[in-house]
Amino acid sequence: MPRYAVGIDLGTTNCAVAFHELAATGEEPVETRRGTLGIPQLTAVGTVETRSLLPSFLYLPGSTEFPAGGLALPWKADAADVVGEFARKHGVNVPTRLVASAKSWLCHPGVDRRGSLLPWQAPADVARVSPVEASTRYLRHLLAAGDAHLKSAGINERMADQDVVLTVPASFDAAARDLTIEAAKNAGLEHVTLLEEPQAALYAWLDQLGPRFRKELKVGDVILVVDVGGGTTDFSLIAVTEENGDLQLNRVAVGDHILLGGDNMDLALAHTLNQGLAAAGKKLDAWQFASLTFGARQAKEALFADGTLKKAPIAIPGRGSALIGGTLKTELTRETLQQVLTDGFFPKVSVTDLPQTARRTGLTQVSLPYAQDAGISRHLAAFLTRQAKALENAKDLAIRLEGRSFLHPTSVLFNGGVFKAGVLKARLLEVLNQWLVADGGQPVKEQAGADLDLSVARGAAYYGWVRRGHGIRIRGGTARAYYVGVESPMPAVPGFEPPLKALCVAPFGMEEGTQADLPPQEFALVIGEPTRFRFFASSVRRDDPVGSMQDDATEEAGFEELAPIETSLPAEPGREGQLVPVQLQAAVTELGTLEVRCVEKSGPGRWKLELNVRMKGDE
Amino acid sequence: MDGSSSDSLSFGQRWKLAWSILFDATLAGRVSRALAAPAPVPAPKAPPAPPKAPELPPERVHASALALLGALQREGRLIDFLRQDVAGFSDEEIGAAARVVHGGCARVLQQGFDFEPAVKECEGEAIAVPVGFDAQRIRLTGNVTGQPPYRGTVRHHGWVARSIRVPSVSEALDPRVLAAAEVELP
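Protein sequences appear in the order of chains A and B.
Using our numbering, the letters of the first sequence correspond one by one to residues 155 to 773.
Using our numbering, the letters of the second sequence correspond one by one to residues 240 to 425.
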């Protein structure tokens, strides 16, 4: 039996590891039963230092780029690549060899996510890696760091044998979850469980409260978790209900995947300041721009920390050894900060203001699908409004809507380094409370979260312990319903695509370790030939039962097309080319991943459909 | 870990522990208990012949000092700053450069050390200097006469490094290289 539950936050820009003693009873003070892991990493050539976070950056050096032994890690003397702080720092100078935001690529349906494609703009001699491989390397580093730590502490355990919980954005689709599991397996983790990041943040909060949580929560409460990480924004709603006199937590909704986070904010500040410098005739090179971005972040933190400061200076050193005279100066004023960050990312809008979206241009240009609209408050408005509509007719109603135009949370839990800035928290609360009061509701209560950088990892470790029957567990199930596309039979008309219907194979809210009913519809599969289904998900269609056929699988009706699912029935001698009638059945594994399989109608055949992670549409 | 294993830790292991403890409250609690347990008295034996110290070149003996200097240059451009002649520059220009030095070097200090004052009293406050005071932590100035106890005023509270986190530096590299030359390829 493992000794620890280990929580790994595999973030877009930073990773963290926490652990929790499984033998703990919950009565001990929090400090004695859990902790976070310091992660040794290269911080300069030949220098290893321990940090509480591992930046999710991978640098792929040329074979002669660094002196022999210069990249050595305590557990790997012949390391040939760099993960962590030095990768991030040095990558600024050599961006074509730097892999960044691998996690965002991992959920990008427009590329082959197992294909070696990163760094995106690498020269020919760089051995590129796939998004899965990059994630594997981060995990390997974290595991090796943990093993080294356990060994030096005289604890005879290995990380891979612990009860490992890996966090993913709530908005990760089925394929991205599968790929995360795959990366974990490649890194040597045979048994991992997935947990949604906003839930992990809530678990960290529960861990911190201990038994006091019963005083903090009451039936009917709806907690909104706003998680703004380095690269992504994630919303979740958790409703407090009661069953047989016990409090229950139900994750009732999650938001879409929004590629927008703290890094965008620092970049926005740097670009604004750079415009000012350019207007004064000062042109920065890429290296100086990186140091401007860094300086802007420091200045931002200084202004947020001390409300009386009107401005904070930023010095940008030149690259040569002549520091004095070669240093450029600029400053961040509170006005600019307010304009770019507070108003730019958290604008005061009404709840009916929806995010501006540019029409997707298909797959002609491949890059990360960054959010078009930087206004996090608009994304939040869209989330609360859409979920209210979705819940209006929901049978399993954990939330009473009482005719309101959007879903009213009763409290908010903030997560992510962005919210170290009290000003930004205050702004989002102000905007949300304005909507609530105008809609006849009550202002929300802010729940004081744990450490904003580490709580996802901590909460994940705590969840590992909760899974063993302690504390309170958040129930949720899948936050989407899943469908396969079925073409309507109709005469071919040139230039007109036959309308696509959607057959529900997995209803909303399937719990881990359960399987859906068999839909009555049959499909005929040809033995020995690959079969492929178009695959859809919906985060708002909460009541479609298995086997129900929806006429209109479009975005307007709440569907989102995912990468297709496919299988190839193995050819048995003498049966090639035969038609086999099958039904499609979905199951959610104990790990938290979705599986769709073909079940032979009158026979023992069972074939798993793979979630295709190569390309959306046809190659 | 059990208490009995504390004495078997090598110096290196203790170092590593010191690192990891910073981030691990659980472990810290247990280790502090283990390390606090009295170590068994070693059996008396004949003093060994003084080992011949291997002759190490000064840069190996002082490798960690050089590493710290390297870090101050890398993060805060300290060597650049101090090696430059300030005579021809305005205070404005020196000030701009000083911000780079201050920001970067402060980060190095913060990552490597936790500091605390040598005395609890604030500067300007009265302080009692008892009999048997720690003459390394307290330096007397002014009218130093007679025997303690004394009463005086704190002029500077002093600094003590409460904890030290020394980066591990690869022995494969020449510690004398404090900063590499940067060559940009077209």
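Certain hints may be false.
Examples of chain B residues toward chain A, derived with CB under 8 Å [unchecked claim]:
| # | residue |
| --- | --- |
| 1 | S303 |
| 2 | A306 |
| 3 | D319 |
| 4 | E364 |
| 5 | A411 |
| 6 | L412 |
| 7 | R415 |
Under the rule of at most 35 Å between Cα atoms (straight-line distance), these lysine-lysine pairs were calculated in the DSBU-like manner [what the hints assert, rightly or not]:
| # | chain 1 | residue 1 | chain 2 | residue 2 |
| --- | --- | --- | --- | --- |
| 8 | A | K436 | B | K359 |
| 9 | B | K359 | A | K762 |
| 10 | A | K574 | A | K655 |
Hints listed in this document are in silico derivations from the structure and should not be mistaken for laboratory results.
Ideal Cβ placement from N, Cα and C applies to all residues, glycine included.
Going down the list of hints, with the structure as the test:
no.: 1; hint: S303; verdict: violated, 11 Å
no.: 2; hint: A306; verdict: holds, 7 Å
no.: 3; hint: D319; verdict: holds, 4 Å
no.: 4; hint: E364; verdict: violated, 26 Å
no.: 5; hint: A411; verdict: holds, 3 Å
no.: 6; hint: L412; verdict: holds, 4 Å
no.: 7; hint: R415; verdict: violated, 12 Å
no.: 8; hint: A:K436 x B:K359; verdict: violated, 49 Å
no.: 9; hint: B:K359 x A:K762; verdict: violated, 69 Å
no.: 10; hint: A:K574 x A:K655; verdict: violated, 46 Å
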